[in-house]
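*Asks:* With the hints as your guide, set chain B onto chain A.
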Amino acid sequence: MIIAEKSWDAIMVGGPPEGGGEFHDEMMRFWNQAAGLFDLSSPPTVKLGSELGVALYGENTGLINQTMYITIRLKDPQGLVVKTYSTTPRICSPGSYLFGGSLTVCDIIGDWTAQGELYGEGGLLDTWQGKIGTAGEVKKAFPWKWVGIGGVVLGGLILLAPKEKKA
Amino acid sequence: MRGKASNSGMIAGEGAVISLALDEQTWSAIEAISAANGHLEFWRLIEKDSSGNILNIWQTEAFFPVNIPLGHMVQAEVDIVNDSSYDLAGTLTVEFLDPDGSSRGKRSFTYSAILLGTQRGVTTSYTTLDKGGTWAIHAKFEV
Numbered sequence: 001m002i003i004a005e006k007s008w009d010a011i012m013v014g015g016p017p018e019g020g021g022e023f024h025d026e027m028m029r030f031w032n033q034a035a036g037l038f039d040l041s042s043p044p045t046v047k048l049g050s051e052l053g054v055a056l057y058g059e060n061t062g063l064i065n066q067t068m069y070i071t072i073r074l075k076d077p078q079g080l081v082v083k084t085y086s087t088t089p090r091i092c093s094p095g096s097y098l099f100g101g102s103l104t105v106c107d108i109i110g111d112w113t114a115q116g117e118l119y120g121e122g123g124l125l126d127t128w129q130g131k132i133g134t135a136g137e138v139k140k141a142f143p144w145k146w147v148g149i150g151g152v153v154l155g156g157l158i159l160l161a162p163k164e165k166k167a
Numbered sequence: 001m002r003g004k005a006s007n008s009g010m011i012a013g014e015g016a017v018i019s020l021a022l023d024e025q026t027w028s029a030i031e032a033i034s035a036a037n038g039h040l041e042f043w044r045l046i047e048k049d050s051s052g053n054i055l056n057i058w059q060t061e062a063f064f065p066v067n068i069p070l071g072h073m074v075q076a077e078v079d080i081v082n083d084s085s086y087d088l089a090g091t092l093t094v095e096f097l098d099p100d101g102s103s104r105g106k107r108s109f110t111y112s113a114i115l116l117g118t119q120r121g122v123t124t125s126y127t128t129l130d131k132g133g134t135w136a137i138h139a140k141f142e143v
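In order, the protein sequence lines correspond to chains A and B. Quick note: the first sequence, position 156, residue 156 per our numbering, numbers continuous. Quick note: the second sequence, position 134, residue 134 per our numbering, numbers continuous.
So here's chain B without its partners, still in its complex pose:
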């Protein structure tokens, strides 16, 4: 849409100045979209014994922290849920933090388009529990 330039005139009277707007128009030129929005959901934790046999699969965080013997292997999956009003692109990273805070089994994946209202996940690699103490699952989603 093409607009007209505003044209105004001034009439000077006895000590008074009157300004008249002869034309005025508004253009809806820019739509500022809301900030990207999403949340992370724990999806599952798999435990394998040292021979590679699957022993347990937890699909709820209600039992955290679960007790797992030293030497067993674990893999975690976390999902990013797109709460935005548009498709989301970004990188999801999931890792274990061992009792010393070191990153273990870290994996990332960059999604070019997570459709609005949907979710996508990333798993850690299988990691051997070689330290006693509390192990955390840590995840972040960056755009």
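Isolated chain A (complex conformation):
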């Protein structure tokens, strides 16, 4: 004799993206440049001790409101996570964006990377991973240009200088 019986429609596999979401590359490219952080396609080289960071934008590509949040891990050149950041979960309407950004001071020479994850009500929706910059000693090029300009000016002055009359 069956005492209790129940079913749950628990899992949607490859179904409609009611709970869909993804990082929006164009928004991230635009805002990272606008914020003066970096161009995603050509991460900067900065002086040791400077800040590097990234801004990520997640879009609710689903058809309904859903609670979303972003996590960002910043990694040093050895791959160690030096900072973990998570946005507060927020209800996002379809087509709206969720912003998450994080900065860190680069105290090790080499390539710094970041890893972002976008979560929604369906769990992990999208990931982003990339280089955010290179920390190093920024060497100043020898100012050959100014040497050249200075030489021309000096030569001109010598030529134009009044000559002493011989007695």
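Treat each hint with caution, since some may be false.
What the hints assert, rightly or not - Which bits of chain B does chain A cover? Going by a derived footprint, with three or more residues having C-beta under 8 Å, they are:
1) 40-47
2) 63-74
3) 136-143
No lab work stands behind these hints, which were simulated from the structure alone. Glycine included, C-beta positions come from ideal geometry on N, C-alpha and C.
*Replies:* Below, chain B alone, put in the same frame as chain A:
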């Protein structure tokens, strides 16, 4: 307790019959217990990627249906809660029903005594999601 047989007599009068009960007794001989009673509760759903790394654990059905990519593996656990006024014995079966309605990852366990007011669970085996569509968790408890 031993009882006495009922003894009654009849007195016949002018066209009337009077029946007198001389002795009467009741025995509380049988207690009919209430029917077995219990309900099923979703306990958790675990998602693993194709390499076996755990990606998500849902412990509420509030997010159902959750979106999981094709090829990932899942395991569900459902509990039977004993709502009876006595210990319950029976078999709990939990399975997935794929989009075609076929049983997947089915597992059962027979409990000899679930104490009143307590609950016991059964998990499905890990099952690879190899069909697109809605997958259901189905559970039943039989005595």
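*Asks:* Look at each hint and say if it fits the structure.
*Replies:* Status of each hint after checking the structure:
1. Under a criterion of three residues with beta carbons nearer than 8 Å to beta carbons of chain A, the stated coverage of the segment 40-47 of chain B is upheld, 4 such residues being counted.
2. Proximity of the segment 63-74 of chain B to chain A, defined as three or more residues with a beta carbon under 8 Å from a beta carbon of that chain, is established by the 9 residues found.
3. Check on the segment 136-143 of chain B: 8 of its residues sit with their Cβ under 8 Å from a Cβ of chain A, so the three-residue criterion for coverage holds.
Hint violations for this structure: none, all hints satisfied.
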